[in-house]
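Engineer: Each chain, letter by letter, is given below.
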Amino acid sequence: MNNSQKLNVALVGKPNCGKTALFNALTGNRQKVANYAGVTVEKKHGFLRTNTQKLITLVDLPGTYSLRARSPDEKVTRDVIFNQQQDELMIDVIIAVLDATNLTNCLRLVLELKQTGIPVIVALNMSDIATLRGFKYDLHLLSELLACTVIATSATKKHGLNDLVEQLDNYSPRIISADNANSWQEPDQSMIRSYSSQVHNIIQQVEQRKGVPAILSHKIDKLLLHPVLGIVILLTILFVMFQAVFSWATIPQDWLQSIFDNTQNYIANLAPDSFLVSLIANGIVAGVGSIIVFLPQILTISLFIILLEDSGYMARAAFLMDKLMGGVGLHGRAFIPLLSSFACAIPGIMATRTIENRKDRLVTILIAPLMTCSARLPVYTLLIGAFIPAKTVFGFANLQGLVMFGLFSLGIFSGLIMAFIFKFFFFKGGRQPLILELPIYTMPNPINVGLELIKPAKSFLRRAGTIILAVMIIIWFLSSFPAPPLHASAPAIDYSIAGMIGKFLQPIFAPIGFSWQIVVALIPGLAAREVAVSVLATIFALSGNADNVQQSLAFVLQHQWSLATALSLITWYVFAPQCISTLAVAKRETNSWKWPIIMFIYQLILAYGASYLVYNLTLSITP
Amino acid sequence: MNQQQFIPLSQLRIGQSGIVQKVDAELLPHNIDLEANELEQRILEIGIIEGVKIKVLHFGLIKRDPLAIQIADNTTLAIRRNEASMILVKVSQ
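Line order of the protein sequences matches chains A and B. Number 235 in the working numbering belongs to position 231 of the first sequence; there are no gaps in the numbering. Number 137 in the working numbering belongs to position 29 of the second sequence; there are no gaps in the numbering.
Hints listed in this document are in silico derivations from the structure and should not be mistaken for laboratory results. All C-beta atoms, glycine included, are put in the ideal place defined by N, C-alpha and C. There's no promise every hint is true.
To be verified - Example chain A residues on the side facing chain B (calculated, C-beta under 10 angstroms, incomplete):
1) Arg72
2) Asp192
3) Val332
4) Gly336
As the list claims (entries may be wrong) - Part of the chain B face toward chain A, derived, beta carbon under 8 angstroms:
5) Leu120
6) Ile122
7) Gly123
8) Glu134
9) Leu147
10) Glu148
11) Ile151
12) Leu152
13) Glu153
14) His166
15) Phe167
16) Lys171
17) Pro174
18) Asp181
Throw the hints in and build the complete structure from the sequences for me.
Structural biologist: This is how it looks when you write it as structure tokens:
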């Protein structure tokens with residue numbers, strides 16, 4: 005393809021200007037999908053074609069107020085614009101995305117971008133809301149004053165998108181010359197003041213009518229930022245979120261479960277003695293199926309996080325929690341990464357990039373794995389379902405739901421305590437400022453939410469189809485070979501390699517009450533926490549006889565394990581460093597092995613200690 | 109310029125508004141772990157700058173910290189009381 009038919013275009017703008025919504029509206033599903041939903045902290049690539057078939061690679065970049073790169077996410081933006089990474093595309097055109105309801109804060113960035121020598125097109129985004137609120141600008145004059153094309157757009161209403169794409173036909177790949185060399189300099193205070201007065205002048209000239217303030221947003225804030233009510237509402241939202249995961253999401257989960265159960269039985273009955281059938285029924289269907297049933301729960305928790313982010317509430321939560329979190333040395337901004345960690349610690353750790361200070365960021369990274377991620381849900385759900393009676397307490401709450409809430413709380417509280425310890429012993433230092441914009445509330449756009457929700461779903465199913473599938477096949481082999489001797493009295497798995505490994509390692513875990521089957525399940529659980537459930541399913545499916553193959557795993561566990569063992573395993577899962585991907589992302593984000601090693605060791609000590617306590621306490625109070 | 113009539117943003121009550129007269133990191137009561145110039149730049153960058161209208165909207169629960177403020181009738185921001193002390197305001201009557 006001729007090079008002139010390709011163009012690399014970057015979307016740049018301050019946080020909350022609707023940049024990602026514009027990116028989604030322009031590229032639809034033609035994106036190299038990042039795995040995780042939430043605030044943009046990493047560049048994302050998408051593709052589109054103009055009417056003349058020019059291929060545009062659109063790069064969505066983290067929001068920034070300036071090119072100064074004060075935090076790691078802002079550094080991503082600067083590096084792309086200045087082409088500072090070897091493997092990076094060279095940006096030919098910048099689309100500066102402006103919030104049309106708040107030009108003052110956006111225009112200074114445009115003035116900075118003009119200095120880079122890269123052609124700039126201004127997208128006056130959220131123009132539909134601006135018009136509704138009565139803002140009116142002279143776009144011709146604005147375009148003249150900024151010396152660049154200005155287009156009014158609305159990502160949600162799909163206004164102006166074609167005009168914007170049409171404009172891209174006017175540009176060709178950039179050739180750096182003396183005329184367009186980069187003259188950007190890091191602005192100091194006096195330059196920022198001078199930029200700001202230029203912006204003030206521009207707005208004076210182009211603003212034909214000033215819109216009304218966002219009255220509804222202020223009214224909502226009176227309630228949601230109320231010192232007492234605001235915190236009550238925040239806790240209620242979190243409680244509803246966890247209840248939704250455990251109660252509402254179980255309905256579609258039961259449907260999926262019965263589909264997989266029937267499939268497994270159907271296949272198993274086709275040829276009861278065949279190895280291949282056993283592999284498919286007990287290894288693949290039982291194993292992968294027992295994970296896929298958790299898709300509704302993962303989607304539910306991701307949906308909550310996307311809605312909280314898109315509506316503008318996340319920043320309010322940071323406001324409400326700042327002082328409380330400051331008590332243990334955490335920054336208010338840490339709330340967002342920590343809440344994301346409830347979906348998965350990996351996007352949570354990545355979201356710490358919005359924290360400017362390195363010490364604050366490291367503490368947040370270290371405790372992020374203690375937030376209960378969705379991969380622990382399968383384990384919790386299985387064990388709570390098997391060992392905690394489903395009765396109603398206090399007239400309204402489900403006891404199982406309450407225990408789940410307790411486990412989430414345990415993770416949170418130990419995280420806060422660990423943050424305090426880390427901050428006090430390793431990261432002594434003053435506080436960092438909190439300077440955070442509270443964006444106006446917006447109704448999340450269903451299509452946008454859908455596009456964001458597909459990401460965790462795809463990522464989860466990809467894991468189920470790759471890592472988990474591979475692990476399950478390996479586990480099936482290890483659990484099936486060597487075959488038991490003739491006339492063996494114990495189930496086949498006792499004679500297998502998996503059985504041998506489990507029994508060999510079991511003494512280490514005996515003080516916390518783990519059986520060798522649990523030990524077998526923990527090892528592949530390092531690749532993906534939730535896989536432990538599948539492994540147990542496979543082990544017990546293989547060790548079963550004709551009678552209990554039909555019975556649920558929960559039922560089997562009830563009869564095989566003591567309450568003490570079950571509680572000990574749950575406790576283990578609250579604390580244990582059971583996830584290699586988390587350690588790997590911590591290594592990548594901190595650029596050193598030191599922090600993942602510290603993370604691994606402290607979590608291991610916590611897990612073993614707490615499980616030991618729980619196991620022995622439960623033993624002493626149960627008959 | 110007589111600074112006596114200007115008071116720090118941190119001393120405004122909820123609902124009070126004024127015009128920002130001076131942003132100066134030298135005025136911080138408690139030192140924080142950030143260079144003064146950098147702090148001043150961040151405050152300017154988010155839009156708190158001399159001449160802009162500012163209004164106090166909400167306080168946090170504990171020690172009335174942080175503050176939610178509105179600038180230029182438009183942007184809502186969160187800022188801690190300590191950093192709000194470096195913003196001098198001429199209170200509107």
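Engineer: Each hint should be assessed against the structure and marked as holding or not.
Structural biologist: Here is what the structure says about each hint:
no.	hint	in the structure
1	Arg72	7 angstroms, holds
2	Asp192	7 angstroms, holds
3	Val332	13 angstroms, violated
4	Gly336	7 angstroms, holds
5	Leu120	16 angstroms, violated
6	Ile122	10 angstroms, violated
7	Gly123	11 angstroms, violated
8	Glu134	12 angstroms, violated
9	Leu147	6 angstroms, holds
10	Glu148	5 angstroms, holds
11	Ile151	6 angstroms, holds
12	Leu152	4 angstroms, holds
13	Glu153	5 angstroms, holds
14	His166	4 angstroms, holds
15	Phe167	6 angstroms, holds
16	Lys171	7 angstroms, holds
17	Pro174	5 angstroms, holds
18	Asp181	5 angstroms, holds
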